[in-house]
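> Given these sequences and hints, build the entire structure.
Listed below are the residues making up each chain.
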Amino acid sequence: MNRSLSTPLSSSVAETLWHRAQVSRRRSTRTGLGACLLAFLVLALFAFPVVAQEMESTAPYAYRQLDEAAKEAKAQSLMQTLRCLQCQGQSIADSDAPIAGSMRSLVRERIAAGEEPEAIRAWLIERYGDYVSYAPRVTGLTWPLFALPLVLVALAAFLLRHRFRRGERP
Amino acid sequence: MTAELGLAALWLAAALALLQLMAGALALTARGSALGGIVRPVAVVQGLLALIAFVALICLFAVTDLSVKLVALNSHSMKPLVFKIAGAWGNHEGSMLLWVTVMGLAGGIVALVERRLPERTMLATLAGQAFVSLGFYAFLLIASNPFERLDPAPLEGNGLNPLLQDLGLAFHPPTLYLGYVGLSIAFSFAIGALVTREVGPAFARAMRPWVLGAWIFLTLGITAGSYWAYYELGWGGWWFWDPVENASLMPWLAATALLHSAGVLAARNALRAWTVMLGVVAFSMSMVGTFLVRSGILTSVHAFAVDPERGSFILALLAINIGGALTLFGLRASTVTEGERFAVVSREGALVINNVLLCAILGIVLFGTLYPLVAEAMGAKVSVGPPYFNPMGALFFVPMLLVLAVGPLLRWRRDSVERFGKRLLIPALVTGFAAVAALVVGGIALLPFLGLVLGLGLAVASVLPLRDRNLRRTPLPIWGMVLAHFGVAVALLGMASESAWSVERLVALRAGESTSVGPWRVRLADVEPVAGPNWTALEGKLEVRYGGGAEQVLRPQARSFWTPPQQTSESALLTRWNGQLYAVLGEQASGDRWQVRLWWKPFVTLIWLGGILIALGGVLAVIGHVASDLRRIVARGKIAYRRERQGR
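Chains as they are written, first to last, in our numbering: chain W, 1290 to 1459; chain A, 16 to 663.
Just so you know, these hints were derived from the structure itself, not from any lab. All of these numbers come straight from a predicted model, not from anything done at the bench. Take the hints with a grain of salt, since some may be wrong.
[As the list claims (entries may be wrong)] Derived Cβ-Cβ restraints for the label pairs, each shown as a range: (1) A:Leu182 / W:Glu1407: 38 to 44 Å; (2) W:Gln1377 / A:Ser431: 49 to 55 Å; (3) A:Glu566 / W:Ala1362: 28 to 34 Å; (4) A:Pro323 / W:Ala1446: 37 to 43 Å; (5) W:Glu1407 / A:Met393: 24 to 30 Å; (6) W:Glu1407 / A:Pro167: 56 to 62 Å; (7) A:Asn176 / W:Ala1362: 32 to 38 Å; (8) W:Val1427 / A:Arg164: 52 to 58 Å; (9) W:Gln1377 / A:Val641: 38 to 44 Å; (10) A:Leu440 / W:Val1427: 39 to 45 Å; (11) W:Gln1377 / A:Met37: 41 to 47 Å.
All C-beta atoms in this analysis are idealised placements derived from N, C-alpha and C, irrespective of residue type, glycine included.
If you want it as structure tokens, here you go:
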């Protein structure tokens, strides 16, 4: 749905900058957009590669899958249950934040080295606290979460028994 | 001037709500009965005044009047007009104004058209509606005035979060609010019926179109929100049990239960107290949802504690409304009997079991959503996410699906297992066959497996109620039920299929290089700069082929907005009958490579198709019920007319 809004943009200043950024372009039409726009465009362009290259050296597996499909699947299902600490309500598998990238890379590297997913989770919890894992552990603090279904089942059974007993009477 | 007009209209509307409450309450007493006549007109005018205030705010946003603080904080002169207008409710104050507007208008419509209930019950209902509205008017006028001026006016506004500059999201909040607020009408009907002890089929029939309407909008709102998260956030996830998502799911679960119990009450005069209770619970869940989303408590309990005014206000409203309703319920519970009785194996029995299971799922979602907040307040940070909600929810959802398949085939009052058992043979065979096939294919986790198998069985079972019927004479609500239940099966199949068979491919490609994902070949032809009205972007041109099919082009973008400065990735989707190809252009990697993220998601679109079918089923049911109500009114009018003529 975003397609209809976009138009090709370029001007002489932008052109030179595009070449410097080594981005191949094909079309070149003049549009009268303000200098502020161009300045921003330029900034945005330079910002991209720098961030990306930094990322690649420190977190090689942030955006790269493991070659072995079974291990990648293991890593994927673990990543989906780890919280991105900088974002709001996203797992590290669903975020472009740098910290999520480094954590993805860490998870993939450790899985590749043969570590078990739960061992990695435990290591991360030790380091960042319970907050990092979307799968709550059973502790003195969280046991009510796990007792709840039992309570609900008991309550439902009680309610239904009560109701139907009355109902069976003619 | 426009701002002052809006503010004046808002104050007047609040004053009329107070008048509506007092007149309605006094009219219930012996001495004040003369006041009863003004309650309905006051309710209508109150709704219109709220509408004037809301239109005033939209005008301020449309012309970008930067001397109004709310506009300056949330808008920008260079934004496209449609997003300027949508920006009016894309913020806290505006969305609360939308809330009271919808509430006022809904109250006005009830006052205008609802004539079936005893007048005293109607007065109590409208007074209840005024009481709830008054709380929200006070909230707006005291803690979040949308018309506050800014002096001097800034030269330019702050802009709207680019993620929200999307048509899907422009209409997502109003849809949900219509649902939330529709439930407030159900709440008011419950209060009215409790006050005058008139809990019976007439009450359920009056309430049902509102519950159905609210439920349709909630269904559509959740469906749209899920699709928005899916394509706008750029990672292909469609549900994450995020507190914001749960805030919309909880009222839906309660409304679904209410809808079914109101049906039992209307048809069989059973489940009286239970239906009234659900009416209270459903609107409470709307308010809990609003509290979660609007108080800032989700970012952190501490953020809430630093600026607690708004959160505390909503919390106080929640406590007053729920507390008041529960007290009233407690006082009246002894006089509201459960009504007609029924056996375990009966339509009512199945509906009761489904109601209880829905409420259990609601309990899980509510508890799991609030628990991290409670834990944080106690000084410990924990996260509760999909690994908790999925299995715990399934614990109750799976038995609910089984009852859903059986329930519509049962007779009211009493049925025998021998009679309906035979009719379940076909869906049982389909389920068994699907289970064997899925086991042979292998490699499917437990939950997607259950989803696929039960989804197929339910899809067949859901159309069985039509089997022995004359299709031309089948009432619309039955068609609606069948369609909605079929929609549940379709959505379930979509979710299970996506979970079981999604393929992901992350690659760094040079222009001209190819890769594959599932049955697709994908070639990155080029990356080009493009610009929109308030953003620039890098756009990848991906040439894709399905199997040996024709070439198609996908153009995902990495966008940069400049007011406020923010990067977003605009995914590109290609829909086939059997799934969607999802492409995202990431950052530039080393050299001249580009990060490309690709997913092939078989049958993922069934998730939202199912949601739409469920909502459509609701629409059919509303049309059917309203049409039969109208026919009844017309017939009654004719009889009265004939009698009058004969009398002469």
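> It remains to establish, for every hint, whether it holds in the given structure.
Taking the hints in turn, this is what the structure says about them:
1. Checked against the hint of 38 to 44 Å, the pair leucine 182 of chain A and glutamate 1407 of chain W passes, with Cβ atoms roughly 43 Å apart.
2. As the Cβ distance of glutamine 1377 of chain W to serine 431 of chain A is approximately 54 Å, the hint placing it in 49 to 55 Å holds.
3. Under the hint 28 to 34 Å, the C-beta atoms of glutamate 566 of chain A and alanine 1362 of chain W, about 30 Å apart, fit the expected range.
4. Against the hinted window of 37 to 43 Å, the Cβ-Cβ separation of proline 323 of chain A and alanine 1446 of chain W comes to about 40 Å, which satisfies the hint.
5. Between glutamate 1407 of chain W and methionine 393 of chain A, the C-beta spacing of about 26 Å keeps the proposed range 24 to 30 Å intact.
6. At roughly 59 Å, the beta-carbon separation of glutamate 1407 of chain W and proline 167 of chain A lies within the given 56 to 62 Å, and the hint holds.
7. Taking 32 to 38 Å as the suggested C-beta distance range, the pair asparagine 176 of chain A and alanine 1362 of chain W conforms, at roughly 34 Å.
8. Judged by the Cβ atoms, the range 52 to 58 Å given for valine 1427 of chain W and arginine 164 of chain A holds: they are separated by roughly 54 Å.
9. For the pair glutamine 1377 of chain W and valine 641 of chain A, the supplied restraint of 38 to 44 Å holds, since their beta-carbon distance comes to about 42 Å.
10. Checked against the hint of 39 to 45 Å, the C-beta distance between leucine 440 of chain A and valine 1427 of chain W comes to roughly 43 Å, which is consistent with it.
11. As the Cβ distance of glutamine 1377 of chain W to methionine 37 of chain A is approximately 43 Å, the hint placing it in 41 to 47 Å holds.
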